[in-house]
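Student: Given chain Z, put chain W in place with the hints provided.
2 protein chains.
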Amino acid sequence: MGAFKMRGATNAILNLSEEKKARGVVTHSSGNFAQALSLAAKSLDVPAYIVMPDTAPEVKKAAVRTYEGKITECPSTLKDREETANKILKDTGATFVHPSNDLDVILGQGTAAMELLEDYPDLDYIFCPVGGGGLIAGTALAVKHFGTNCKCIGGEPLEADDAWRSLKSGKIETNETVNTIADGLKTQLGDQNFPIILENVEEIIRVSEEEIKSTLRLIWERMKIIVEPSSAVPLAAVIKEKERFKNKKIGVIISGGNVDLNQLPF
Amino acid sequence: MGAFKMRGATNAILNLSEEKKARGVVTHSSGNFAQALSLAAKSLDVPAYIVMPDTAPEVKKAAVRTYEGKITECPSTLKDREETANKILKDTGATFVHPSNDLDVILGQGTAAMELLEDYPDLDYIFCPVGGGGLIAGTALAVKHFGTNCKCIGGEPLEADDAWRSLKSGKIETNETVNTIADGLKTQLGDQNFPIILENVEEIIRVSEEEIKSTLRLIWERMKIIVEPSSAVPLAAVIKEKERFKNKKIGVIISGGNVDLNQLPF
Numbered sequence: 001m002g003a004f005k006m007r008g009a010t011n012a013i014l015n016l017s018e019e020k021k022a023r024g025v026v027t028h029s030s031g032n033f034a035q036a037l038s039l040a041a042k043s044l045d046v047p048a049y050i051v052m053p054d055t056a057p058e059v060k061k062a063a064v065r066t067y068e069g070k071i072t073e074c075p076s077t078l079k080d081r082e083e084t085a086n087k088i089l090k091d092t093g094a095t096f097v098h099p100s101n102d103l104d105v106i107l108g109q110g111t112a113a114m115e116l117l118e119d120y121p122d123l124d125y126i127f128c129p130v131g132g133g134g135l136i137a138g139t140a141l142a143v144k145h146f147g148t149n150c151k152c153i154g155g156e157p158l159e160a161d162d163a164w165r166s167l168k169s170g171k172i173e174t175n176e177t178v179n180t181i182a183d184g185l186k187t188q189l190g191d192q193n194f195p196i197i198l199e200n201v202e203e204i205i206r207v208s209e210e211e212i213k214s215t216l217r218l219i220w221e222r223m224k225i226i227v228e229p230s231s232a233v234p235l236a237a238v239i240k241e242k243e244r245f246k247n248k249k250i251g252v253i254i255s256g257g258n259v260d261l262n263q264l265p266f
Numbered sequence: 001m002g003a004f005k006m007r008g009a010t011n012a013i014l015n016l017s018e019e020k021k022a023r024g025v026v027t028h029s030s031g032n033f034a035q036a037l038s039l040a041a042k043s044l045d046v047p048a049y050i051v052m053p054d055t056a057p058e059v060k061k062a063a064v065r066t067y068e069g070k071i072t073e074c075p076s077t078l079k080d081r082e083e084t085a086n087k088i089l090k091d092t093g094a095t096f097v098h099p100s101n102d103l104d105v106i107l108g109q110g111t112a113a114m115e116l117l118e119d120y121p122d123l124d125y126i127f128c129p130v131g132g133g134g135l136i137a138g139t140a141l142a143v144k145h146f147g148t149n150c151k152c153i154g155g156e157p158l159e160a161d162d163a164w165r166s167l168k169s170g171k172i173e174t175n176e177t178v179n180t181i182a183d184g185l186k187t188q189l190g191d192q193n194f195p196i197i198l199e200n201v202e203e204i205i206r207v208s209e210e211e212i213k214s215t216l217r218l219i220w221e222r223m224k225i226i227v228e229p230s231s232a233v234p235l236a237a238v239i240k241e242k243e244r245f246k247n248k249k250i251g252v253i254i255s256g257g258n259v260d261l262n263q264l265p266f
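Sequence lines, in order, name chains Z and W.
For the first sequence, my numbering begins at 1 and goes up steadily by one.
For the second sequence, my numbering begins at 1 and goes up steadily by one.
No lab work stands behind these hints, which were simulated from the structure alone.
Note that the coordinates shown come from a computational prediction; the quantities given were computed from them, not determined experimentally.
Any given hint might turn out to be false.
List time: in silico DSS-like cross-link candidates among lysine-lysine, alpha-carbon distance up to 30 Å [unchecked claim]:
#1 Lys-61/Z x Lys-61/W
#2 Lys-151/Z x Lys-168/Z
#3 Lys-61/Z x Lys-224/W
#4 Lys-246/W x Lys-42/Z
#5 Lys-90/W x Lys-21/W
#6 Lys-224/Z x Lys-20/W
#7 Lys-21/Z x Lys-90/Z
#8 Lys-87/W x Lys-70/Z
#9 Lys-246/W x Lys-70/Z
#10 Lys-79/Z x Lys-90/Z
#11 Lys-240/W x Lys-224/Z
#12 Lys-213/Z x Lys-61/W
#13 Lys-70/W x Lys-151/W
#14 Lys-224/W x Lys-186/W
#15 Lys-246/W x Lys-61/Z
#16 Lys-70/W x Lys-246/Z
#17 Lys-242/Z x Lys-224/W
#18 Lys-42/W x Lys-21/W
#19 Lys-151/Z x Lys-21/Z
#20 Lys-186/W x Lys-42/W
#21 Lys-224/Z x Lys-224/W
#22 Lys-249/Z x Lys-224/Z
#23 Lys-151/W x Lys-224/Z
#24 Lys-240/Z x Lys-151/Z
#25 Lys-249/W x Lys-224/Z
#26 Lys-213/Z x Lys-224/W
#27 Lys-87/W x Lys-20/W
#28 Lys-213/W x Lys-224/W
Simulated DEER-style distance windows between Cβ atoms [what the hints assert, rightly or not]:
#29 Ser-169/Z x Lys-246/W: 51 to 61 Å
#30 Glu-73/W x Pro-265/Z: 24 to 34 Å
#31 Glu-73/W x Leu-264/Z: 46 to 56 Å
Part of the chain Z face toward chain W, derived, beta carbon under 10 Å [as the list claims (entries may be wrong)]:
#32 Lys-61
#33 Leu-117
#34 Trp-220
#35 Arg-222
#36 Met-223
#37 Ile-225
#38 Gly-257
Even for Gly, the Cβ is constructed at its ideal location relative to N, Cα and C.
Just chain Z, same shape as in the assembly (with noise of 0.2 Å):
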């Protein structure tokens, strides 16, 4: 479905016990872990049951239809959402799936990393974007078991740096404000990747939302792949201190392609 959360998606399924998959599985996400959920128990056989904003676009509810996950709408609120999804475990006896504090949904993201390291095993570093915790969690547990002498890098927007100042302080940090068009990357850390992210992560690098939207068009213009703001992040953080990664090899992990094409930056 165009994007990485497929993979944490996917593993979290598999690891059910039979009767739990019969059951099915539930999140609310407005984004692309309500697609890749959707999918992923499509594939299974697993019904899932999506809980998502009424705000959100038509093109991610069509999405999420599209792979046969049935929508609960309700007000846009962390409050309204998860009180609908208990309502629905309740209902259905489901399984709750966190898009990002989850182990198994974690160790699921890892293999991007797995795989890329399985490619080009000399890698000095792996750049990918920190949102929830749970991709950049899964790339350096793949980075630290699979690569040699190899290093984990965050990018994060400088205007909702949160895990950036979570490594300073050593606790989680929370966002005030998140004006950035990286929306994939609003999100906090939780209790189950921050641990992981504080002993096998290098650094984070921020970076501007302007440098976003250069890097963003760079890929589009040259890559000629769709990918969303969050997306670019990483690579914008490679550019922003091209100098230092000179001559280094770096794998950059660029996932995410949802972008509502009736309202892009360029």
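Tutor: Here is chain W on its own, set in the frame of chain Z:
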């Protein structure tokens, strides 16, 4: 550089003598072939002289410059382009390479279908866009030589259906108007490629502007790749007659992402 024209450009240069290579290559093009010839020449250490209309978008000129093509601008009429190219040919002794009406270019373009058939030897059809005729002539030859019961079908805009009419009449027809967003397909067939097309292409299916746009959007949203409107035309042809091609194994050549992000049709 993101388009099949790289194949033809490379093959045309590789077939020059060392002496001719040293003097360089010339073409007049405002689009993908200008970039393709520049990059192919650069990678083979050959000078490339590109005649571009002074109305060409800055993004296209910038791409040619990145690939070290030497741009000469001229007024955008065909006469001006040809005169400017002829002057360069005289001054430099370089070789003119036509974007589509050149047998080495045609054979180079055919390698896309050849590789597709190597991966999927039992395709029933390969669909391909029809513009100047280089790609479809090469594709039809590859289908004939490397396919087993495979047929080559062209997709063409209704608004620039010169090739469809040429197959009917048996001679090269021209377009009087070309009101299509598939701007790579406005060109007409040439005397080198038309006999190949006439003999080897099964049929041409014409598609409307609405069909091109909706298919373009489908490719962007679901395949997450940036293609230009011209590249959506053969898939639009499959979708238009989807009942007829049900249960057939179909290959589609999708190539070319020369899009001005400031002027999208969405």
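Student: For every hint, state whether the structure bears it out.
Tutor: Hints versus structure:
no., hint, result
1, Lys-61/Z x Lys-61/W, "violated, 40 Å"
2, Lys-151/Z x Lys-168/Z, "holds, 18 Å"
3, Lys-61/Z x Lys-224/W, "holds, 17 Å"
4, Lys-246/W x Lys-42/Z, "holds, 23 Å"
5, Lys-90/W x Lys-21/W, "holds, 15 Å"
6, Lys-224/Z x Lys-20/W, "violated, 33 Å"
7, Lys-21/Z x Lys-90/Z, "holds, 16 Å"
8, Lys-87/W x Lys-70/Z, "violated, 66 Å"
9, Lys-246/W x Lys-70/Z, "holds, 29 Å"
10, Lys-79/Z x Lys-90/Z, "holds, 16 Å"
11, Lys-240/W x Lys-224/Z, "holds, 26 Å"
12, Lys-213/Z x Lys-61/W, "holds, 21 Å"
13, Lys-70/W x Lys-151/W, "violated, 40 Å"
14, Lys-224/W x Lys-186/W, "holds, 26 Å"
15, Lys-246/W x Lys-61/Z, "holds, 28 Å"
16, Lys-70/W x Lys-246/Z, "holds, 29 Å"
17, Lys-242/Z x Lys-224/W, "holds, 27 Å"
18, Lys-42/W x Lys-21/W, "holds, 11 Å"
19, Lys-151/Z x Lys-21/Z, "violated, 36 Å"
20, Lys-186/W x Lys-42/W, "holds, 28 Å"
21, Lys-224/Z x Lys-224/W, "holds, 9 Å"
22, Lys-249/Z x Lys-224/Z, "holds, 22 Å"
23, Lys-151/W x Lys-224/Z, "holds, 29 Å"
24, Lys-240/Z x Lys-151/Z, "holds, 18 Å"
25, Lys-249/W x Lys-224/Z, "holds, 26 Å"
26, Lys-213/Z x Lys-224/W, "holds, 18 Å"
27, Lys-87/W x Lys-20/W, "holds, 17 Å"
28, Lys-213/W x Lys-224/W, "holds, 15 Å"
29, Ser-169/Z x Lys-246/W: 51 to 61 Å, "holds, 60 Å"
30, Glu-73/W x Pro-265/Z: 24 to 34 Å, "holds, 31 Å"
31, Glu-73/W x Leu-264/Z: 46 to 56 Å, "violated, 29 Å"
32, Lys-61, "violated, 13 Å"
33, Leu-117, "violated, 24 Å"
34, Trp-220, "holds, 6 Å"
35, Arg-222, "holds, 8 Å"
36, Met-223, "holds, 8 Å"
37, Ile-225, "holds, 6 Å"
38, Gly-257, "holds, 4 Å"
Consistency note: the structure conflicts with the earlier hints numbered 1, 6, 8, 13, 19, 31, 32 and 33.
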